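Build the full structure now, drawing on both the sequences and the hints.
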Amino acid sequence: MGALRQRKVATLQNSYMEQHKIRQQYVNKQKKRLVRRLTVFFMFVIVVSYALISSLLSRHTLLEEKLAQKEQLEKKLAALEKEGELLKEEIVKLNDDEYIAKLARREYFLSDQGEIIFNLPEKDDKEKEEDSSY
1 MGALRQRKVA TLQNSYMEQH KIRQQYVNKQ KKRLVRRLTV FFMFVIVVSY ALISSLLSRH
61 TLLEEKLAQK EQLEKKLAAL EKEGELLKEE IVKLNDDEYI AKLARREYFL SDQGEIIFNL
121 PEKDDKEKEE DSSY
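Just so you know, the sequence shown maps onto residues 1 to 134 in the numbering used here.
Mixed in with the good hints there might be a few duds.
Calculated pairs, BS3-like style, for lysine-lysine (alpha carbon to alpha carbon, straight line, at most 30 angstroms) [what the hints assert, rightly or not]:
#: 1; residue 1: 75; residue 2: 88
#: 2; residue 1: 88; residue 2: 76
#: 3; residue 1: 21; residue 2: 8
#: 4; residue 1: 31; residue 2: 21
#: 5; residue 1: 102; residue 2: 123
#: 6; residue 1: 76; residue 2: 66
#: 7; residue 1: 93; residue 2: 123
#: 8; residue 1: 93; residue 2: 82
#: 9; residue 1: 93; residue 2: 75
#: 10; residue 1: 82; residue 2: 102
#: 11; residue 1: 21; residue 2: 32
#: 12; residue 1: 29; residue 2: 8
#: 13; residue 1: 93; residue 2: 76
#: 14; residue 1: 70; residue 2: 82
#: 15; residue 1: 102; residue 2: 88
#: 16; residue 1: 66; residue 2: 82
#: 17; residue 1: 70; residue 2: 88
What the hints contain is simulated information worked out from the structure, not anything from laboratory work. This structure is a prediction, so every number in the text was calculated from the model and none was measured.
Here you go:
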């Protein structure tokens with residue numbers, strides 16, 4: 001409301017008042033420039049902060065994915081190493097003639113002289129469960 005009312009006090013027209021008015025305008029311009037510079041600076045800080053935070057988050061998710069992938073590959077490696085050990089044991093067993101004869105009898109139904117082989121059908125899972133429940 002005070003701005004709507006006109007001032008009834010006359011301003012003095014001397015050099016001091018002119019200098020004071022010019023100085024006040026200069027100070028106001030300096031304040032505006034300062035506010036603009038600070039605004040630009042804070043906008044820059046916000047943009048840089050956003051870029052850094054988004055980069056950090058993307059790297060964090062990438063790291064999580066890589067750790068999960070590493071864990072999965074370590075499990076796969078352990079399984080493959082175990083399979084390798086089993087295959088090495090199988091190689092050692094295959095060098096034994098008795099094991100080869102036993103394997104040939106079981107897999108290929110080969111028999112020694114005078115032996116008769118009877119092929120019995122294997123029980124299904126349901127039949128095995130029924131037999132084990134008695």
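Is residue 88 within 30 angstroms of residue 76, Cα to Cα? holds, 18 angstroms
Take the C-alpha atoms of residue 93 and residue 76, compute the straight-line distance between them, and say whether it is at most 30 angstroms. holds, 25 angstroms
Taking only the CA atoms, is the gap from residue 75 to residue 88 under or equal to 30 angstroms? OK: residue 75 and residue 88 at ~20 angstroms, within 30 angstroms.
Hinted pair, alpha-carbon criterion (30 angstroms max): residue 21, residue 32. Please report holds or violated. Roughly 16 angstroms separates the two Cα atoms, so the pair holds.
Given the hint that residue 102 pairs with residue 123, does the C-alpha gap stay at or below 30 angstroms? holds, 22 angstroms
Straight-line alpha-carbon gap residue 93 to residue 123, limit 30 angstroms: holds, 28 angstroms
Would the hint linking residue 70 and residue 82 be met if the CA-CA limit is 30 angstroms? holds, 18 angstroms
30 angstroms Cα cutoff - pair residue 21, residue 8: holds, 19 angstroms
When you check the alpha-carbon spacing of residue 29 and residue 8, does it fall within 30 angstroms? OK: residue 29 and residue 8 at ~28 angstroms, within 30 angstroms.
Holds or violated: are the alpha carbons of residue 31 and residue 21 at most 30 angstroms from each other? Holds, because 15 angstroms separates the two Cα atoms, which is no more than 30 angstroms.
Between the alpha carbons of residue 66 and residue 82, is the straight-line distance 30 angstroms or under? holds, 24 angstroms
Pairwise hint evaluation, residue 75 against residue 93, where the allowed Cα distance is 30 angstroms at most: holds, 27 angstroms
Checked against the numbered hints listed earlier, the structure breaks none of them; every hint is satisfied.
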